[in-house]
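Novice: Could you put the whole structure together from the sequences, leaning on the hints where they help?
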Amino acid sequence: MSTFDIRTRSKSDAIVLEIYGELDAHTAPRLEKELKKLIDEKFVNIIVNGSSLDYISSAGLGVFMAYIEDIRLQKGDIKITNLKPKVFNVFDLLGFPTLYDILDSEEEAHSRFKSSS
Amino acid sequence: MRISASTSELERIRAFVADHARRFGFNEEDVQDIRLAVDEACTNIIKHAYQWRDDKEIQIRIGMRDSEMLVSIIDEGVPFNPKNYSIPSTQDQLDQKKRSGYGILLIRKLMDKVEYRNKKSRNEIRMIKKR
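These protein sequence lines are chains G and F, in that order. Per this note's numbering, the very first residue in the first sequence carries number 1; after that it's consecutive. Per this note's numbering, the very first residue in the second sequence carries number 1001; after that it's consecutive.
Simulated from the structure, these hints should not be mistaken for laboratory data. Take the hints with a grain of salt, since some may be wrong.
Coverage of chain G stretches by chain F, computed from C-beta distances (three or more under 8 Å per stretch; other residues unrestricted) [stated by the list, open to error]: (1) 16-30; (2) 57-69; (3) 85-95.
C-beta: ideal position from N, C-alpha, C; glycine also.
Specialist: Following this line, the structure appears as structure tokens:
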């Protein structure tokens, strides 16, 4: 039984995706579907709040890789916040911090979106 | 442990190896490393060796000798040839919208030793983590 869940809410000029549980090759398609839906609806300022994300494998990271270019071409971005240290470690092992804004809080992500608009 | 080659089993596989690693006395950081490496190896088998055919089977064996944990994962799918693998650069992957190739890189970073064996139709990845 998968413990994975995604909740979406909108806050000022960004959409926040809260991710719960374990993101692996089984659950990654759900995140992919959600991101694709947002891009199709032209919501491209996306904050992924990982405070309840307990686990990520490369299949989960791959979803961020697959859509980031499309989103940036539309002048948006994915900013990732509130990662637990063990989850951040996986992003770090693959060099993601040089390519993505990985921030401590949602507030920081909002202010970066404001300053870049 | 014998398990069907389905991504729906990954959570159970992770729990199985984490449980053994903890019992062998690994610290929590090492337990996370072993758990992720085994997930990546099984995901690769499901995707590449068996090409999503979930009627196939993966066998996982765990052993502890001295202060080393050995995880052996066996499949009977398309063999993986490590000689054909090149380490992906994250920027290149991004430019080419590729998303695979990270599993092996992670396994190499997370484990102390990784070996591939091929015998007839059986492929085995042997991974060692030192306590």
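Novice: All hints, please: hold or fail.
Specialist: We went through each hint and held it up to the structure:
no. : hint  : result
1   : 16-30 : holds (count 4)
2   : 57-69 : holds (count 10)
3   : 85-95 : holds (count 6)
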